[in-house]
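Participant: For reference, the chains in residue letters:
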Amino acid sequence: DQQVKQNSPSLSVQEGRISILNCDYTNSMFDYFLWYKKYPAEGPTFLISISSIKDKNEDGRFTVFLNKSAKHLSLHIVPSQPGDSAVYFCAASAWSRRDMRFGAGTRLTVKP
Amino acid sequence: EAQVTQNPRYLITVTGKKLTVTCSQNMNHEYMSWYRQDPGLGLRQIYYSMNVEVTDKGDVPEGYKVSRKEKRNFPLILESPSPNQTSLYFCASRANLDYGYTFGSGTRLTVV
Chain U
1 DQQVKQNSPS LSVQEGRISI LNCDYTNSMF DYFLWYKKYP AEGPTFLISI SSIKDKNEDG
61 RFTVFLNKSA KHLSLHIVPS QPGDSAVYFC AASAWSRRDM RFGAGTRLTV KP
Chain F
1 EAQVTQNPRY LITVTGKKLT VTCSQNMNHE YMSWYRQDPG LGLRQIYYSM NVEVTDKGDV
61 PEGYKVSRKE KRNFPLILES PSPNQTSLYF CASRANLDYG YTFGSGTRLT VV
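Protein chains in written order, with our numbering: chain U, 1 to 112; chain F, 1 to 112.
Among the clues, some could well be false.
[As the list claims (entries may be wrong)] Straight-line distance between alpha carbons at most 30 Å, and here's what the computed DSS-like set of lysine-lysine pairs gives:
| hint | chain 1 | residue 1 | chain 2 | residue 2 |
| --- | --- | --- | --- | --- |
| 1 | F | K65 | U | K37 |
| 2 | F | K65 | U | K5 |
| 3 | U | K68 | F | K57 |
| 4 | U | K37 | F | K17 |
Please keep in mind that the hints were generated in silico from the structure rather than gathered at the bench.
Bound-form chain U, shown alone (with noise of 0.2 Å):
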């Protein structure tokens, strides 16, 4: 069963707008989330992470908004940029952190 779910399997958006990508979980025992960005022929790169006492965190263009009652995370990357251009890939874990479940990844294009 996939307890990780990224519902679209691509995005489309503009040089300078804002890009958001969405990833619903399952799980109520996640607790820890994370977002990596796959580049083809490389593997997956660590973008932001957020732990279920927070509801927000921030890193530069890379926001990740966390909802726990409606199980659902959101990634928002704000002005998008051609080189944000990937597959995007949603990751959960729980307290004892010994797996990590991912989605099935959004592949984002951002156009010039």
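Following the hints, position chain F against chain U.
Facilitator: Relative to the frame of chain U, chain F by itself:
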């Protein structure tokens, strides 16, 4: 440079011929994992290791073996590969449970 190194990057093999994908990290990380990436399914964990000689199954362990005899190395072994193991494989490591994984560049395996 801190990194996770996987070899080979590409491998084509025949059904039933044993193979090993090597993984090495130079960051002295305790935790290591193997994931496979398949279209529409995201990254699924095969096995993980919490320390030397300590390994455990992930979500899709069938048909795979691992060993952790040294801290830096975590090879993935396919004793009798089958076509359904054709996939993109990633090795990853992390320092502790409060950090995300650092991923290798991936191994694309094709079993014919």
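Participant: Can the restraint linking U:K68 and F:K57 be considered satisfied, given a maximum Cα separation of 30 Å?
Facilitator: Answer holds: U:K68 to F:K57 is near 28 Å, not above 30 Å.
Participant: Assess, step by step, whether the Cα of F:K65 is no farther than 30 Å from the Cα of U:K5, and give holds or violated.
Facilitator: holds (28 Å)
Participant: Within a Cα-Cα threshold of 30 Å, do U:K37 and F:K17 meet the stated pairing?
Facilitator: Measuring from Cα to Cα gives roughly 34 Å; hence the hint is violated.
Participant: Are the Cα positions of F:K65 and U:K37 separated by 30 Å at most?
Facilitator: holds (28 Å)
Comparing the model with each numbered hint stated earlier shows that hint 4 is the single one that does not hold.
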